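To convert, note that position 197 of the sequence shown is 197 in UniProt numbering; the numbers rise steadily by one, no gaps.
Calculated from the structure, these hints are not laboratory results. Every value quoted in this text rests on a predicted model; they were computed, and no experiment measured them. All C-beta atoms in this analysis are idealised placements derived from N, C-alpha and C, irrespective of residue type, glycine included. Hints are not guaranteed to be accurate.
Label pairs and their computed distance ranges (CB to CB) [as the list claims (entries may be wrong)]:
hint, residue 1, residue 2, range
1, L113, M52, 56 to 62 Å
2, N29, V101, 37 to 43 Å
3, Y128, R182, 32 to 38 Å
4, L113, W142, 40 to 46 Å
5, R194, L113, 16 to 22 Å
6, A239, R188, 49 to 55 Å
7, G146, R194, 21 to 27 Å
8, V57, I266, 31 to 37 Å
9, T109, I32, 41 to 47 Å
10, G69, L36, 20 to 26 Å
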Amino acid sequence: MSDTETVSRSAVTAPDAGPDTARPPRKLNPKIKIALGQIAVVVVWLGSWQWMSGRVVDPFFTSSPSAIGQQLLEWFRTGSIWPHLLITLQEFGAGLAIGSVAGVLVGFTLGRLPTTAAVLNPFVTVVYSMPKLALAPLFVLWFGIGFGSKIVLVGLISFFLVFYNTFTGARDVDPLFIDSLRIMGANRLTIYRRVVMPSAAVWVMTGLRIAVPQAVIGAVVGELISSNQGVGYIIANAAAFFNTTGVLAGVALVACVSVVLSQLIITLERWATRWKQG
Numbered sequence: 001m002s003d004t005e006t007v008s009r010s011a012v013t014a015p016d017a018g019p020d021t022a023r024p025p026r027k028l029n030p031k032i033k034i035a036l037g038q039i040a041v042v043v044v045w046l047g048s049w050q051w052m053s054g055r056v057v058d059p060f061f062t063s064s065p066s067a068i069g070q071q072l073l074e075w076f077r078t079g080s081i082w083p084h085l086l087i088t089l090q091e092f093g094a095g096l097a098i099g100s101v102a103g104v105l106v107g108f109t110l111g112r113l114p115t116t117a118a119v120l121n122p123f124v125t126v127v128y129s130m131p132k133l134a135l136a137p138l139f140v141l142w143f144g145i146g147f148g149s150k151i152v153l154v155g156l157i158s159f160f161l162v163f164y165n166t167f168t169g170a171r172d173v174d175p176l177f178i179d180s181l182r183i184m185g186a187n188r189l190t191i192y193r194r195v196v197m198p199s200a201a202v203w204v205m206t207g208l209r210i211a212v213p214q215a216v217i218g219a220v221v222g223e224l225i226s227s228n229q230g231v232g233y234i235i236a237n238a239a240a241f242f243n244t245t246g247v248l249a250g251v252a253l254v255a256c257v258s259v260v261l262s263q264l265i266i267t268l269e270r271w272a273t274r275w276k277q278g
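The task is simple: from the sequences and hints, build the whole structure.
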């Protein structure tokens with residue numbers, strides 16, 4: 001046998017490349033993995049609920065996902081839910097705007113005035129410790145069953161959540177940056193605009209992110225206590241007739257609205273703090 005034939009036969013019978021040269025398996029994107037996990041949790045939860053309804057528990061007490069979905073579709077198909085949803089969103093938006101602006105202004109001010117903050121701290125703590133939702137009946141008595149009582153309740157809830165985060169952010173500014181601007185002759189307004197506000201932006205947006213779902217809850221609870229319109233009124237009306245499906249459909253609608261609004265705030269937070277992410 002010639003040397004050429006030996007080399008050719010060896011080349012043909014040579015084993016494939018070992019595992020060291022194999023291409024590593026492609027990893028799943030973490031965001032996709034998280035999304036799939038969340039979808040799986042929802043599917044298992046709703047599927048279990050649907051299966052148990054009528055088999056393990058009485059649908060009168062727990063309803064079922066299919067019945068709740070049909071109720072939501074009926075509300076949107078007839079358009080009966082839109083005026084109530086719009087009222088709730090208006091109460092939420094007005095209260096959140098007023099409370100957040102006030103929280104940012106007071107938070108920045110006290111954050112840069114430590115002596116004044118120390119004097120007012122116990123009084124702010126007392127007011128913050130009060131259960132806001134428990135004050136809702138008083139707000140109805142003082143401001144009526146219309147917009148006023150709900151806006152005050154939502155504004156009060158939003159104010160403290162935004163205030164404390166803004167206050168912390170204003171105090172968390174690196175003094176070196178402030179001293180550097182002062183050496184260059186910057187005035188107080190420039191220091192606030194160039195250093196304090198950008199540094200505290202992360203804290204402010206965190207406060208807003210926390211305040212949004214709480215503000216939605218505040219608006220709905222205010223409507224539950226006393227109102228003739230809004231999603232809270234729809235829930236209270238369904239509860240008065242022992243309509244479990246209507247109650248849970250209203251709760252599901254509130255939850256969906258809170259999730260959507262929270263995602264909008266998260267997107268706004270990423271845009272407002274893009275300088276830090278970069």
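If you check the beta carbons of Y128 and R182, does the distance land in 32 to 38 Å?
Holds, at about 33 Å.
Pairwise beta carbon distance, N29 to V101, judged against the given window 37 to 43 Å
holds, 39 Å
Taking the Cβ atom of V57 and the Cβ atom of I266, is their distance within the range 31 to 37 Å?
Taking Cβ atoms as reference, V57 and I266 lie about 36 Å apart, which means the hint holds.
Does the Cβ distance between G146 and R194 fall inside 21 to 27 Å?
violated, 43 Å
Using the beta carbons of A239 and R188, state whether their distance is inside 49 to 55 Å or not.
holds, 54 Å
Do T109 and I32 keep their Cβ atoms within the hinted range of 41 to 47 Å?
The hint (41 to 47 Å, Cβ to Cβ) holds, given that T109 and I32 are roughly 45 Å apart.
Between R194 and L113, does the beta-carbon spacing fit 16 to 22 Å?
With Cβ atoms ~19 Å apart, the hint holds.
Evaluate the given range 56 to 62 Å for the C-beta pair formed by L113 and M52.
holds, 57 Å
Quick check on a hinted range of 40 to 46 Å for L113 and W142, using CB atoms only.
violated, 31 Å
Cβ distance range 20 to 26 Å for G69 and L36, holds or violated
Cβ of G69 to Cβ of L36: about 22 Å, so the range 20 to 26 Å holds.
Hint compliance for this structure: hints 4 and 7 are broken, all remaining hints hold.
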